[in-house]
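Residue numbers (numbering that gives the first Met the number 0): 0 to 270.
Honestly, I wouldn't trust all of these hints.
Stated by the list, open to error - Computed list of lysine-lysine pairs in DSSO-like fashion (alpha-carbon distance at most 30 angstroms, straight line):
1) LYS183 with LYS140
2) LYS68 with LYS54
3) LYS68 with LYS140
4) LYS54 with LYS65
Note that these hints are calculated values from the structure, not bench results.
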Amino acid sequence: MSDAGQLLRLGERYAALGLTAAASSCFERAADADPSDGTAHRRLVELALAAGRGKDARSYAQELGKREKGLATRLLTGQAQMAAGELAGARFSFAAVADAARAAPLERVRAMVGRAKVAEGENDRPGASANIMGAAEALFKWMVAEGTSSLDIDREQPLIDEVVRLAVAWERTEDIGELIAELKDSGRASPAALLEALWLAARQSHGDRAASDREIDAALQTELDARPDSRAVRVKRCERLLRRRRHPARRDEAIADLVALADEVGSEPAS
């Protein structure tokens, strides 16, 4: 393995441990060791975005653009531009991805989420609302597509959470409810139950008292019954149970499940 390859691998290990500064240092050294490869710059952009360092992310994205082209790079560049406050540039980058015929389904979803955030940043609530609903429709369609696995849905849990949360925040609560109802009517109990749980939780966070803990827990249990292999749903269910200060038995149940989940992960061979 090349020096750059070894540094990339070490950087990924540090990143997995949450040691962002050490990971960034490794990726910077990897970029110096192989200036033609964009992998290190891509990871530097991602780490900077996760840390909220918009200007650094924008700088790394510029270097990435010199080494890698394509929609994935354009999407990441848009995210970096938005983090750096360059809304006009971000809008252009996201539009280029969202409107591209060759864009993968999730690339298009992420681009539409980006456009929605740009619109919100420009005080264009109708634009933000329209784009987030477009993202929701495309995302829900991907979730029930034949080639989408349970593991795929687990991996994209943060994106799914974000889309539902923003749709509720931007006054599209009823529209999301209608999409979920359509999934249920078509026999898609899963992922409809997961989406319902997220939708109810988002409503609850905005003060909607009609969205109860009991309904959210029931929806998560329905999803888990349909996808017992879903670790993401197990963790989400445990997170909710751990908040039950008045129900120690439920909290103990959650802790036991988290320990079991940790044992499962720990017993798997390293990739």
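Hints versus structure:
no.	hint	in the structure
1	LYS183 with LYS140	holds (13 angstroms)
2	LYS68 with LYS54	holds (21 angstroms)
3	LYS68 with LYS140	holds (27 angstroms)
4	LYS54 with LYS65	holds (17 angstroms)
Every hint from the earlier list agrees with this structure, and none is contradicted.
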